[in-house]
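J.: In case you want the letters, here they are:
Protein chains: 2
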Amino acid sequence: MSMIVDRRDLDFILFDLLGMEELLRHPHFAAFDRDACTQMLDTAQQIAEDHFLPIAAEVDANEPRFVGGRVEMPEGTGHALRACAEAGFFALPFAQEHGGLQAPRVLHTAASGIFTCANTAVANYAFLTVGAANLLAAFGSEPLRRRFLPPMLEGRWFGTMCLSEPQAGSSLADITTTATPRADGTFSLRGSKMWISGGDQEISENIVHMVLARIAGAPAGTRGISLFLVPKRRVDESGAVGESNNIALAGLNHKMGQRGTTNCLLNFGESGETIGHLIGAPHRGLEYMFQMMNEARIGVGHAATMSALAGYRHSADYARTRTQGRRAGQKDPSAPPVPIVEHADIRRMLLAQKAAVEGAQALCLYAAQLVDRQEIATDADEKAWLGALLGLLTPVVKSWPSEHCLEANKWAMQILGGYGYTRDYPLERLYRDNRLNHIHEGTFGIQGIDLVGRKLGGDKGDALRRFAAQMRETAATAARQPALANEAARLVAALDQLGVTADTLLACADLPRRLANATVFLDAFGHVVIGWLWLWQALVAATALEGNPPAPDRLFHEGKILTCRYFMAHELPLGIARLALCATLETTSLDAPAALFAL
Amino acid sequence: MSMIVDRRDLDFILFDLLGMEELLRHPHFAAFDRDACTQMLDTAQQIAEDHFLPIAAEVDANEPRFVGGRVEMPEGTGHALRACAEAGFFALPFAQEHGGLQAPRVLHTAASGIFTCANTAVANYAFLTVGAANLLAAFGSEPLRRRFLPPMLEGRWFGTMCLSEPQAGSSLADITTTATPRADGTFSLRGSKMWISGGDQEISENIVHMVLARIAGAPAGTRGISLFLVPKRRVDESGAVGESNNIALAGLNHKMGQRGTTNCLLNFGESGETIGHLIGAPHRGLEYMFQMMNEARIGVGHAATMSALAGYRHSADYARTRTQGRRAGQKDPSAPPVPIVEHADIRRMLLAQKAAVEGAQALCLYAAQLVDRQEIATDADEKAWLGALLGLLTPVVKSWPSEHCLEANKWAMQILGGYGYTRDYPLERLYRDNRLNHIHEGTFGIQGIDLVGRKLGGDKGDALRRFAAQMRETAATAARQPALANEAARLVAALDQLGVTADTLLACADLPRRLANATVFLDAFGHVVIGWLWLWQALVAATALEGNPPAPDRLFHEGKILTCRYFMAHELPLGIARLALCATLETTSLDAPAALFAL
Numbered sequence: 001m002s003m004i005v006d007r008r009d010l011d012f013i014l015f016d017l018l019g020m021e022e023l024l025r026h027p028h029f030a031a032f033d034r035d036a037c038t039q040m041l042d043t044a045q046q047i048a049e050d051h052f053l054p055i056a057a058e059v060d061a062n063e064p065r066f067v068g069g070r071v072e073m074p075e076g077t078g079h080a081l082r083a084c085a086e087a088g089f090f091a092l093p094f095a096q097e098h099g100g101l102q103a104p105r106v107l108h109t110a111a112s113g114i115f116t117c118a119n120t121a122v123a124n125y126a127f128l129t130v131g132a133a134n135l136l137a138a139f140g141s142e143p144l145r146r147r148f149l150p151p152m153l154e155g156r157w158f159g160t161m162c163l164s165e166p167q168a169g170s171s172l173a174d175i176t177t178t179a180t181p182r183a184d185g186t187f188s189l190r191g192s193k194m195w196i197s198g199g200d201q202e203i204s205e206n207i208v209h210m211v212l213a214r215i216a217g218a219p220a221g222t223r224g225i226s227l228f229l230v231p232k233r234r235v236d237e238s239g240a241v242g243e244s245n246n247i248a249l250a251g252l253n254h255k256m257g258q259r260g261t262t263n264c265l266l267n268f269g270e271s272g273e274t275i276g277h278l279i280g281a282p283h284r285g286l287e288y289m290f291q292m293m294n295e296a297r298i299g300v301g302h303a304a305t306m307s308a309l310a311g312y313r314h315s316a317d318y319a320r321t322r323t324q325g326r327r328a329g330q331k332d333p334s335a336p337p338v339p340i341v342e343h344a345d346i347r348r349m350l351l352a353q354k355a356a357v358e359g360a361q362a363l364c365l366y367a368a369q370l371v372d373r374q375e376i377a378t379d380a381d382e383k384a385w386l387g388a389l390l391g392l393l394t395p396v397v398k399s400w401p402s403e404h405c406l407e408a409n410k411w412a413m414q415i416l417g418g419y420g421y422t423r424d425y426p427l428e429r430l431y432r433d434n435r436l437n438h439i440h441e442g443t444f445g446i447q448g449i450d451l452v453g454r455k456l457g458g459d460k461g462d463a464l465r466r467f468a469a470q471m472r473e474t475a476a477t478a479a480r481q482p483a484l485a486n487e488a489a490r491l492v493a494a495l496d497q498l499g500v501t502a503d504t505l506l507a508c509a510d511l512p513r514r515l516a517n518a519t520v521f522l523d524a525f526g527h528v529v530i531g532w533l534w535l536w537q538a539l540v541a542a543t544a545l546e547g548n549p550p551a552p553d554r555l556f557h558e559g560k561i562l563t564c565r566y567f568m569a570h571e572l573p574l575g576i577a578r579l580a581l582c583a584t585l586e587t588t589s590l591d592a593p594a595a596l597f598a599l
Numbered sequence: 001m002s003m004i005v006d007r008r009d010l011d012f013i014l015f016d017l018l019g020m021e022e023l024l025r026h027p028h029f030a031a032f033d034r035d036a037c038t039q040m041l042d043t044a045q046q047i048a049e050d051h052f053l054p055i056a057a058e059v060d061a062n063e064p065r066f067v068g069g070r071v072e073m074p075e076g077t078g079h080a081l082r083a084c085a086e087a088g089f090f091a092l093p094f095a096q097e098h099g100g101l102q103a104p105r106v107l108h109t110a111a112s113g114i115f116t117c118a119n120t121a122v123a124n125y126a127f128l129t130v131g132a133a134n135l136l137a138a139f140g141s142e143p144l145r146r147r148f149l150p151p152m153l154e155g156r157w158f159g160t161m162c163l164s165e166p167q168a169g170s171s172l173a174d175i176t177t178t179a180t181p182r183a184d185g186t187f188s189l190r191g192s193k194m195w196i197s198g199g200d201q202e203i204s205e206n207i208v209h210m211v212l213a214r215i216a217g218a219p220a221g222t223r224g225i226s227l228f229l230v231p232k233r234r235v236d237e238s239g240a241v242g243e244s245n246n247i248a249l250a251g252l253n254h255k256m257g258q259r260g261t262t263n264c265l266l267n268f269g270e271s272g273e274t275i276g277h278l279i280g281a282p283h284r285g286l287e288y289m290f291q292m293m294n295e296a297r298i299g300v301g302h303a304a305t306m307s308a309l310a311g312y313r314h315s316a317d318y319a320r321t322r323t324q325g326r327r328a329g330q331k332d333p334s335a336p337p338v339p340i341v342e343h344a345d346i347r348r349m350l351l352a353q354k355a356a357v358e359g360a361q362a363l364c365l366y367a368a369q370l371v372d373r374q375e376i377a378t379d380a381d382e383k384a385w386l387g388a389l390l391g392l393l394t395p396v397v398k399s400w401p402s403e404h405c406l407e408a409n410k411w412a413m414q415i416l417g418g419y420g421y422t423r424d425y426p427l428e429r430l431y432r433d434n435r436l437n438h439i440h441e442g443t444f445g446i447q448g449i450d451l452v453g454r455k456l457g458g459d460k461g462d463a464l465r466r467f468a469a470q471m472r473e474t475a476a477t478a479a480r481q482p483a484l485a486n487e488a489a490r491l492v493a494a495l496d497q498l499g500v501t502a503d504t505l506l507a508c509a510d511l512p513r514r515l516a517n518a519t520v521f522l523d524a525f526g527h528v529v530i531g532w533l534w535l536w537q538a539l540v541a542a543t544a545l546e547g548n549p550p551a552p553d554r555l556f557h558e559g560k561i562l563t564c565r566y567f568m569a570h571e572l573p574l575g576i577a578r579l580a581l582c583a584t585l586e587t588t589s590l591d592a593p594a595a596l597f598a599l
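Respectively, the protein sequence lines represent chains X and W. With the UniProt record's numbering, the residue at position 124 of the first sequence is 124, and numbering never jumps. With the UniProt record's numbering, the residue at position 380 of the second sequence is 380, and numbering never jumps.
None of these hints come from the bench; they were simulated from the model. Take the hints with a grain of salt, since some may be wrong.
Where chain X lies over chain W, by a calculated footprint (3+ residues, C-beta under 8 Å) [what the hints assert, rightly or not]:
# : region
1 : 197-211
2 : 309-322
3 : 339-345
4 : 508-518
5 : 589-597
The beta-carbon is built from N, C-alpha and C at its ideal position, and this holds for glycine as well.
Between the sequences and the hints, there should be enough to build the whole structure, so can you do that?
T.: Here is the structure:
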């Protein structure tokens, strides 16, 4: 039993649920058939087992240190990332014209997840590099792409995202880093960037920072922010790495988890000139960032899911081998103790994890596949609809796993009892690693405002209504399966409440009051979406069971149906209760005077 | 604003809500009037601010190490505990005949909470010593008490509880440590004890372990366990500390939190004889433990509450001073940013914490006061009823805060954004500290079995029905206050569902099926109890508001009513949904085959 991937479930989600083979038939993905995908996943698993997992505890215990002006960290980090790069994982999702392998994003997401599950702190460097390269590929000029993309796709240079500043975290409108034009068309950057993951290290030959800054005279707020490519070491036109670009590491942040990823305060242009290259047009930096943010946010939601998958598998393994206590009603104290998986409450905590992990995994891969389908869509309406659906789901993909898969990590620890909080076991580290996902790349609250303010408010609920109709179709099909009729009815009840609540929020002209309900609505909407994905999974499983499959397959599919039942019974009613709360346009948080919290 | 106590709220709960002055009028507590209580709390706060809080980060970062056969730890730990002991806090709850100050347990709980809030890892040593001394005072022979109690009450010797073994955590029936009678009436102990908090250290002159072990020939299971007092260093009849008693420190466990408390694997009688003294009668050890466990479990629930109180106050302080973003609807990006407490979602997270912390604080102090009332009750029926109510509430007091005040710590981190998971701030440590409370002293699942199996099953629901009637009285009174009529109706709805669900569970003859619902029932029952305590607090506040108090008092009391509204709107419906789930005698966890978790 692998601790870092459930290949059976991954196949189920990719191929049985999402029908990935249809996607692969598109000419854009000609280089990948199902076998090629399977080989890529095999390779990812092998590298993750060999190089990522063995150093997960070490990079947590020996976090990067700032010694003599350089960052030191366990050398296994570099080895693991080189293995990952050499096997092509940095290049996997990029177009062949940029030197990529042109695989579907959904395959890249699934493969990256295996590295993340094994060791999120090390996998982060690859994730950030792909994110930065994505921005460059999408919006950079041809000369910039030619100079910087190849070494990034080869994994020789890593990338970062430099958005936050000490005084501007969630509020990017307030960033103050400046970019002053130079005679040669480049810019001179000055300012401080905070929370920069991978902001400094000596593993890669160079670091390519994607930096938000203001050009002098730019409008105030988010419409005056531009995007710059700023290398750690300067690069000449031939692509050769030269002298330092004067980005000073001002400090390392010491975090609860993901400790193997450097997290930096960087000063640009403090002790010499820092030169940057404008990406795209001036003042449109945040717009570019937002266009790429869907994928970054899918990545964070998926990372949260992967930390929980690791916890689920470890705790399941423990539950099957640790003996303790006797079955309920067993009165003979000399009877031998049973494996704790025999206790119903242990199985409840395993089911809770399975429901969260496999539900979230389906969500993240569904969203990643929407990116692919949007990319290859030729019909303008279809393309627009896929974009709208992706926009609607992105805050859910970022947030639901970061809340509920974090909760899954809590239950994984609980199953191990005292061992769960002991640092010799990986469970408490997995919780700590996962805790960051709730905050970085936009907090839960920020995602709520995005959903209710920008997404729902932006199209008056059109995308939500169309998506709800799609969920209702699944429910209608499931309702015809006797084994799923109850669960289908539960989803319909949830969709009914979702419609009422969304209409009430949309009809509320009082913006502060509407937004005061945004976070709770986001969480509850996520429950409905996950409920839909569970019903869909159960439907596929029920269909497979009609074929009378062999025993292990039967157990697998029966497990899907059982977990759907679990989610609908234990979790969906809580989502409905929260939707009902939002439908009252609840005001206690608005009514609470700030002074109440100063007593 | 103190980060470790809310004295205004403590006064409200102790005196306005629980009517402690009536308790103090009882002759048993003649040494304490309200002023004396206030002075004790003042002293606790002073010592905690001066000695406990300043070293909280240090004892976390520099955890105890095993060097040359001795445990080393930051020396501030010993200083803090000596200050605490010298001010009388170890002796506070004990009878004067034993050398104690004979204060109400509720005062001791409140005062201890201040130390715990400041530094739970250091406060643990005092908490465990009081627990061990409690056992000795209740069940030890007069000579044993004379020899061991005075130095414990003076805080010169510390105490521990040695229950778990490597193979026997939740299942105490399986402990294998043996006790062999010696000619002089003492016993020779052999075996290993695991997870022993404070199991070794060099701060105190001696350590008094309370050890569960089996005398040869004892019945199997829990009815063959005896309780022994086993000192680290032998003590002669005059009370002088002598040679080593051969308890070997086999290892220190390294935990997620509460790192300043040593957590040990101890071997008894491995390298020489370990001598112990039987407490009470043979084979009744677990019964004694259970009699004292109410207080230990109140202590753990209260510790969970205190970690959350610290997180609440820190995050409130941050929210009032950190500026970020603008009010919803503010379109001018050049307007200055506002303190984040101005954002409704930040206030929602503060209200969630306030509801959990002040609700749980009321619960813990209510339970502690029941211990006092039970102790001084002279009427046999009254005494029995208070004992039954305490028994019913103990699993809730242990569990509700360890789940929901842990959740509060999560929201405290969230309010700080990236700083929340940075180790330079205390928030992530508070979460880590608190995480242990969910597991030690009986996991959530064990508490559920205690509630549904032993407590509800034991009296066929009598105590629950009587307690529910008491809660209904509060609702009936509140219903007559227009400002509270809605909240009263919500509590009544919850009580209705509680009654239906409890009856259904009691009527279920299928024990495994009943117990499969126990944990969810425990959690939901806790929500009803906390809802009741909030309605009660709101009622007291509404009455106070009728007196037209000055502004700060008005704000305080209005805050109680608002937080009651918050809890009833946001939280109680989730409890009702969970009760409704239990009323279906839900079976997914029973139905899940163990093999499903081995795929």
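J.: Each hint needs a verdict: does it hold in this structure or not?
T.: Against the structure, the hints come out as follows:
{"no.": "1", "hint": "197-211", "verdict": "violated (count 0)"}
{"no.": "2", "hint": "309-322", "verdict": "holds (count 3)"}
{"no.": "3", "hint": "339-345", "verdict": "holds (count 6)"}
{"no.": "4", "hint": "508-518", "verdict": "holds (count 5)"}
{"no.": "5", "hint": "589-597", "verdict": "holds (count 9)"}
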